[in-house]
Amino acid sequence: MQLTTQLAQQLIDQAQRDAEAQFNRQHALAGEGELALRRITDDGAKLKATEAAAKLAGTPALGTDTSPFSGGSSTGPARTDTDEMDDDEQPSRWLT
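Read in order, the letters of the sequence shown are residues 1 to 96 in the working numbering.
Hints in this document: simulated from the structure, not taken from any laboratory. Computed from a predicted structure; not experimentally measured. Among these hints, one or two may not hold up.
[To be verified] FRET-style restraints, in silico, Cβ to Cβ:
id	residue 1	residue 2	range
1	T4	I40	48 to 58 Å
2	A15	A54	55 to 65 Å
3	E34	A57	33 to 43 Å
4	Q22	T50	40 to 50 Å
5	E34	L11	29 to 39 Å
Note that the Cβ used here is the ideal one computed from N, Cα and C, for glycine as well.
Could you build the full structure based on these sequences and the hints that come with them?
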């Protein structure tokens, strides 16, 4: 009977240690998650402040493409088609 009680106590102690270790790991992960969330929130606030300052200064906001090459209709001259541009075309000497 004494041996069974000792074994049961050892199992209980081991289970408690395992539970404490698991709790500590989860607590550490939660702390890391909170820190990451805080950093993301701070970065978002900085980005909003930067965009607001850019708007006040009349500068385009981040991510806004105002270059003439951003798409839409082309205002430059059209490229001419040459044999160098199209590898699948037959050279003109083959046509004669």
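List, from low to high, the hint numbers that the structure doesn't satisfy. When the structure is compared with the hints, none of them turns out to be violated.
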